[in-house]
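A.B. asks: Now for the letters of each chain:
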Amino acid sequence: MTLLFARSHQWLISPSLKIFSRLLTLLIILTLSGNVVVADTYKEKLDLQPLSGQFLLASFNFQSHGPIEAFNKQMFQLFPRSLGQILQYTHTRELHLRFALGRWDSELWGAQPGDGQNAGGTGVETWAWVEADNDVEAEARWTSLNNALSGLFCASLNFIDSTRTIRPVMSFNPTGDYPTTNTSRLFLLHGSLPKEPVCTENLTPFLKLLPCKGKSGISTLLDGHKLFDASFQSMSIDVRPICSPHTGTCDIEIQQTIDMVLDISRSLQRKDSPVPRPRDQHELICDTSKPYASNEYCYPMDNSIDLPWSLSDLFGRTISGGCPFAIKIPTEETQHVCIHAPENKLKTMETLELAAPAPTEGQPDLKCYVLRENLPFDLSFPKQQPPISPLRQEPLLYAERSFTGHGQEHGGVKTVLRNPNPNDPVEVVYLESLPWFMKPYLHTFKAQVLPAFDGEADVISELYYRPALDRKRGTQLEAKLVVPPNSVVILTYDFEKAVLRYTEYPPDANRGFDVASAIITIPPHRQGSDGKIIPATSIRTTSLLLSLPTPDFSMPYNVIIFTSTIMALAFGSIFNLLVRRFVAVDEVQRVDLKGKIRGLLGRLKKGKTE
Amino acid sequence: MALRVPVNLRKNLSVVLYAFQGLSILAVIVGLASLFLLPLDEYSRRTYISENALLPGQVHAYFGGSEQNIVRAFRREVDLLGNSTSDVVAERMAEIFRSAGLKVGKQRYSYKAAGGEYTGENVYAVLHAPRGDATEAIVLCAPWRNIDHLLNEGGVALTLALSRYFKRWSLWSKDIIFLISSDARAGPQAWVDAYHDLHGENIQSLSVKSGAIQGVVVVDYPGAYHRFESLHILYDGINGQLPNLDLINTAVQISRDQMGLRTDLQEMWNHDDGYRHRLKTMLRGMVNQALGHSTGPHSSFIPYHIDAITLATHGDGGWHDEGSLGRTVESVFRSLNNLLEHFHQSFFFYLLMAPKRFVSIGTYLPAAMLLAVGLTLTAIRLWVDPRSRSGEAGVKVEEKEEKKGEKGEKGEKVKEGEVIAVNGGPKRELFLPMSIVIGVHFCGVIPFAVFNSVDYKSMSSVFYIFIAASVILPTLISILITLTASPHRLLPAFHLSRCFSLLFLGMFLSTLATLNFSLSFLIGLFSLPLMFARTTPDSVPLALVNSVLLQLTSPFAALFVVAGYWGLGVEDILKEASFGWWVWGMWTPIVVWCVWWPAWVVGRISVDSSIVMAVTGKRG
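For the record, the sequence lines run as chains A and B. With the first letter of the first sequence counted as 1, position 2 gets the number 2 in the numbering used here; the numbers rise by one all the way through. Add 1000 to a position in the second sequence, counting from 1, and you land on the number used in the numbering used here.
Please note that the accuracy of each hint is not assured.
Non-contacting residues of chain B with respect to chain A, defined by C-beta distances greater than 10 Å in every case (computed) [what the hints assert, rightly or not]:
no. : residue
1   : 1030
2   : 1052
3   : 1082
4   : 1108
5   : 1224
6   : 1314
7   : 1441
8   : 1507
9   : 1511
10  : 1542
No farther apart than 20 Å at their CA atoms in a straight line, the calculated lysine to aspartate or glutamate pairs in the EDC-like style are these [unchecked claim]:
no. : chain 1 : residue 1 : chain 2 : residue 2
11  : A       : 213       : A       : 223
12  : A       : 271       : A       : 378
13  : A       : 45        : A       : 494
14  : A       : 290       : B       : 1341
15  : A       : 290       : B       : 1079
16  : B       : 1618      : B       : 1429
17  : A       : 446       : B       : 1341
18  : A       : 480       : A       : 400
19  : A       : 414       : B       : 1197
20  : A       : 383       : A       : 313
21  : A       : 414       : B       : 1193
22  : A       : 345       : A       : 378
23  : A       : 532       : A       : 400
24  : A       : 497       : B       : 1341
25  : B       : 1103      : A       : 105
26  : A       : 439       : A       : 137
27  : B       : 1103      : A       : 400
28  : B       : 1457      : B       : 1341
29  : B       : 1103      : A       : 107
30  : A       : 414       : B       : 1201
31  : A       : 290       : B       : 1095
32  : A       : 472       : A       : 504
33  : A       : 226       : A       : 201
34  : A       : 439       : A       : 458
35  : B       : 1106      : A       : 400
36  : A       : 497       : B       : 1197
37  : A       : 290       : B       : 1091
38  : B       : 1106      : A       : 107
39  : A       : 446       : A       : 494
40  : A       : 383       : A       : 400
Derived by calculation from the structure, the hints in this document are not laboratory data. Beta carbons are placed, not taken as given, at the ideal position from N, Cα and C, and that holds for glycine.
Generate coordinates for the entire structure from the input sequences, incorporating the hints supplied.
C.D. replies: Right under this line is the structure:
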């Protein structure tokens, strides 16, 4: 409902007002770039990385810092005022908000960018550390935070109520610094909406939080049509306080990221024709080595070339120069656009407009550029034959979750965790947040290791379980477990499906109910003989669709009609009983023919006398 | 005043008995007749699409042109692999799917039934919906060999080509799974069992999975010849379960109205939409439903509440080719893709009599119910009948009743005896009849267990031994009882055992009618002679006639009829039943051996006992 409201609201803005606001922004930008008064710093960076299977990962990162004192005094510079005021009002110290669509195909694409820290489960996911005196106050602040964010981002975040809120114990740790705050006053709350479809109306407010608001800099590439056609896309907002250990001063940091995986062939084809009609015969790439190869027979050959692409092909536009805030003080580290690809692929790359290459310090598979104000930027890769297999980083863990069994009464969940590393075990925290109508049997929660291994009983080292209360809160299940090297751990449990009340079903009851993704967190650890530190990584499984016993909703309709009929009948007879006067038979005077005539005569006489 | 009516009834009990008999016969006649009314326009309805989201035929289907060159090439590839083992086939298919950029999984399975081993390897590929989140999936399936063991060249080639073609579209909201099952009977079952993690030991788990399956379309396009005449839609599931009518309607509407393809049901190739053809289509559907067997790869999905149909090509003289079939499948998939919810709007219980004509459960159910009611009423009549009471008084009544029967007129002459019979003395003795009925029903487990564990080779000999045994068994039981029980208890015992047996059968059939109408109806039809299988120690010829009639409507006779209908040997039918039990979880054998056969045996016992009683002179 909020979505609808937001959409209609946008339509209300008149074109003249838009032009005016644009002019105003321009004016502000011009004055700001003229004299350096901004204390906040702002960085933005676009990382491009071709993935296997003709995909391209584009990671946008926007980051701004500002002193926390100014923030507390409501002196917002680059920090978006709308968000800042919400955070202050609800005493939110750290906020993480995720919008995601599609699934990350780790088999094909490898590890997720940023160790999966920027990605959320399908739909909307949010967690925050709220400062409060007690649990009740925290809950109240969390509710008002979600309601406010719901309006800000045009998402149904207001539906994150107590049934969808959990308090993870092991999975999340604050990423900010809290030198002055008493950490026992910080409450972590987590909520997710797996059914929420992420779309353009969420992107627009997201872009509005940026200093350049999508008008210049790398954010100009963010067009709803392209973003939401991506095979995977994830938007995130993280707000946290950061303190310098040396000076003791604290900053508030807001980091916004967008990761999107574009299907290159589909994006390019869409440019030519929106409908993927069968290709013309001469456009087919056929395997001519087949004995039957002829005009009539075509054994298709695919993936034989790397398709040529450029930023403008894929995003429909070029980068229209750098964002003034991001190019204000160019430093050594400033990089705006970076591309990771094998060295010999990078060699063929061309930049269409002038942009200063940034130093990359001896990394042959990385190339970076610094954008200049008002100078559009584009880069392109020519056709490559034979194709160059792109860089791929093996993920720490593969996770997959599915339902087992069928029927309206019981079911099961099976999660397969695979550790591809041949030497090191991985310690993971598995977090599941289940709706209350899905009631797991904890005694059936089991871990099986394949191939079989001795310490199977010790795979799960810790278990935190918070059972559901009907219509009040969902189940929270958190387990710490170890996946031995080069093996698979299969977690299974059975559950029972509750029967909902008639009014609790959504309008599309037969679609099923979405169950949020399981969150798998791998805490920072040392790996291998060299003790390389692996930062904290998180992985989300896909969400699930749970079908519950659903009544035939035409039946209640019949029932209503029948009930109404019965009510009408009952009303009729009761009304009859109430208004009728009951007289005993012997009380009534016997009226025979004589009496009747006498009565009539009597009346007539009366009439005459009157 | 209040007592007047019952006393009258008691006096004229025979009126009640005749009324019951008349009613039960009437119920049966009306039931049978109502079935034959169904094909009439007044009783059947035109099909319609209930689920608005489906929008069948509202999109333009583009498959064709150069895609057909690819189909032809894949046809050649399939042809080259024609007689290879299933692992070679699976590997090659996996390679083709992988080159299209899909996630591929393979699954070996092995079933044992009727002494045979059924092995194979399924191969499937998952096309992830762009922007999708693996919550829902639709399946396009092509068995490597179809239900007639023909190489499904066109179907497999089309599936391979469509997998590439569908990948280019970005509009899919559900994952699409392309399944090439090793055969049409065991393969899909193994796959769908494993998809829900309910598979047995000799079946591999699936390595790649997707979300909840919303619909399945199977393509059966065998033979090297490209052209076909019409599309045969198969829809019967295991145990007579049916897919949602919307799915069939969608397929019919798309192929007929959008593609100009004729559609056929139940092998009725020249349907003129007249009464006879409608009736025949309906009866064929009912036979398939009653047998509860798999009619194609789609059947295995239906018990999982996954709506599935098979599109099989028919004839080779037409002008349709891969293009039309591909466009039909494309359009059906576009419709399935539109689904917002699981199929639920339309009917799950229906009888189709033409591609666009059906009757729903409300209209046809009375037919089977009335047959069951006929049996139940007969059972009630037997209970009310004073002959069910043993003891002296009871005998007196019966004699009097018989006298009355001779006179052909009931009247004042019948006096106190009856009132005594009802109000007082003789009670029904339940122990003997109960133990007969329960014992015989337990015996039903024996044929069920035997036929599900015997080898195919010895199947026919076991079957004939079993026929001989069940012909002799009722006679033996009746001899045993006649010789051991006291004479005055004999007749009531046989009477009551028939009563219980019919009551059980009637109740069971009326319950079954709500689940599998056709099976209930057909068993009810074959059990009708049981209504008349009386114990008549006075009339041996009648008993003999009854006995022959029962023999003709025995489960064995039905088996021979079914075997004749399919042109197979009885052992093949039994093998199919055994396979059905072990692979598909088909319940028909249980119903036949544990419900119908015992009822038949009890019927035979009461008929045979009259001969035995006549011979031994123990007439009760």
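A.B. asks: Could you run down the list of hints and mark each one as holding or not?
C.D. replies: How the hints compare with the structure:
Against chain A, the non-interface label of residue 1030 of chain B holds: every CB pair exceeds 10 Å, the least being about 27 Å. The beta carbon of residue 1052 of chain B sits about 13 Å from the closest Cβ of chain A, which is more than 10 Å, so the claim that it is off the interface holds. No Cβ of chain A approaches the Cβ of residue 1082 of chain B within 10 Å, the least distance being about 15 Å, so the stated non-interface status holds. Non-interface status of residue 1108 of chain B relative to chain A is upheld: no Cβ of that chain comes within 10 Å, the nearest being about 17 Å off.
Separation of residue 1224 of chain B from chain A is adequate, the least Cβ-Cβ distance of about 13 Å exceeding the 10 Å criterion. Distance check for residue 1314 of chain B against chain A: the nearest CB is about 25 Å away, which clears 10 Å, and the non-interface claim stands. A cut-off of 10 Å between C-beta atoms confirms that residue 1441 of chain B is not in contact with chain A; the least separation is 28 Å. Residue 1507 of chain B, annotated as away from the interface, keeps every beta carbon of chain A farther than 10 Å; the closest lies near 25 Å.
With a closest Cβ-Cβ approach of about 19 Å to chain A, residue 1511 of chain B is found to remain outside the 10 Å limit, as its non-interface label requires. For residue 1542 of chain B, the non-interface assignment is confirmed: its Cβ lies about 50 Å from the closest Cβ of chain A, beyond the 10 Å cut-off. Under the criterion of a C-alpha separation no larger than 20 Å, the hint pairing residue 213 of chain A with residue 223 of chain A is consistent with the structure, at around 12 Å. Between the alpha carbons of residue 271 of chain A and residue 378 of chain A the distance comes to roughly 17 Å, so the proposed pair stays at or under 20 Å and holds.
Restraint check for residue 45 of chain A and residue 494 of chain A: the C-alpha separation of about 45 Å exceeds 20 Å, so the hint is violated. For the hint pairing residue 290 of chain A with residue 1341 of chain B, the CA-to-CA distance comes to about 45 Å; that exceeds 20 Å, so the pair is violated. Note on residue 290 of chain A and residue 1079 of chain B: the hinted pairing holds, with a Cα-Cα distance of about 14 Å set against a maximum of 20 Å. Of the supplied pair hints, the one linking residue 1618 of chain B and residue 1429 of chain B holds, its CA atoms being roughly 18 Å apart against a limit of 20 Å.
Distance restraint check for residue 446 of chain A and residue 1341 of chain B: the Cα-Cα separation of roughly 32 Å exceeds the 20 Å cut-off, and the hinted pair is therefore not satisfied. About 17 Å separates the Cα atoms of residue 480 of chain A and residue 400 of chain A, which keeps this hinted pair within 20 Å; it holds. About 9 Å separates the Cα atoms of residue 414 of chain A and residue 1197 of chain B, which keeps this hinted pair within 20 Å; it holds. Restraint check for residue 383 of chain A and residue 313 of chain A: satisfied, since their Cα atoms lie roughly 13 Å apart, inside the 20 Å limit.
Between residue 414 of chain A and residue 1193 of chain B the alpha-carbon distance is near 15 Å, which keeps this suggested pair within the 20 Å criterion. The straight-line distance between the Cα atoms of residue 345 of chain A and residue 378 of chain A is roughly 17 Å, inside the 20 Å bound, and the hint therefore holds. About 27 Å separates the Cα atoms of residue 532 of chain A and residue 400 of chain A, which puts this hinted pair outside 20 Å; it is violated. With a C-alpha separation of about 19 Å, the suggested pairing of residue 497 of chain A with residue 1341 of chain B holds against the 20 Å cut-off.
For the hint linking residue 1103 of chain B to residue 105 of chain A, the alpha-carbon distance of about 10 Å falls within 20 Å, and the restraint holds. In summary, the hint linking residue 439 of chain A to residue 137 of chain A is not supported, as the alpha carbons are separated by about 28 Å, beyond the 20 Å threshold. This hinted pair checks out: residue 1103 of chain B and residue 400 of chain A have alpha carbons roughly 14 Å apart, not beyond 20 Å. With a C-alpha separation of about 48 Å, the suggested pairing of residue 1457 of chain B with residue 1341 of chain B is violated against the 20 Å cut-off.
For a cut-off of 20 Å, the pair hint linking residue 1103 of chain B to residue 107 of chain A stands: about 9 Å separates their Cα positions. This hinted pair checks out: residue 414 of chain A and residue 1201 of chain B have alpha carbons roughly 18 Å apart, not beyond 20 Å. A C-alpha spacing of about 16 Å is found between residue 290 of chain A and residue 1095 of chain B, which places the hinted pair at or below 20 Å, so the restraint holds. Under the criterion of a C-alpha separation no larger than 20 Å, the hint pairing residue 472 of chain A with residue 504 of chain A is consistent with the structure, at around 13 Å.
With a C-alpha separation of about 14 Å, the suggested pair residue 226 of chain A and residue 201 of chain A falls inside the 20 Å cut-off, and the hint holds. With a C-alpha separation of about 25 Å, the suggested pairing of residue 439 of chain A with residue 458 of chain A is violated against the 20 Å cut-off. Under the criterion of a C-alpha separation no larger than 20 Å, the hint pairing residue 1106 of chain B with residue 400 of chain A is consistent with the structure, at around 17 Å. A distance of roughly 18 Å separates the Cα atoms of residue 497 of chain A and residue 1197 of chain B; the hinted pair therefore holds under the 20 Å criterion.
In summary, the hint linking residue 290 of chain A to residue 1091 of chain B is supported, as the alpha carbons are separated by about 18 Å, within the 20 Å threshold. Straight-line distance between C-alpha atoms of residue 1106 of chain B and residue 107 of chain A comes to about 17 Å, which keeps the hinted pair within the 20 Å bound. For the suggested pair residue 446 of chain A and residue 494 of chain A, the alpha carbons sit about 10 Å apart, so the restraint of at most 20 Å is met. The hinted pair formed by residue 383 of chain A and residue 400 of chain A fails the criterion: a straight-line CA distance of about 35 Å is larger than 20 Å.
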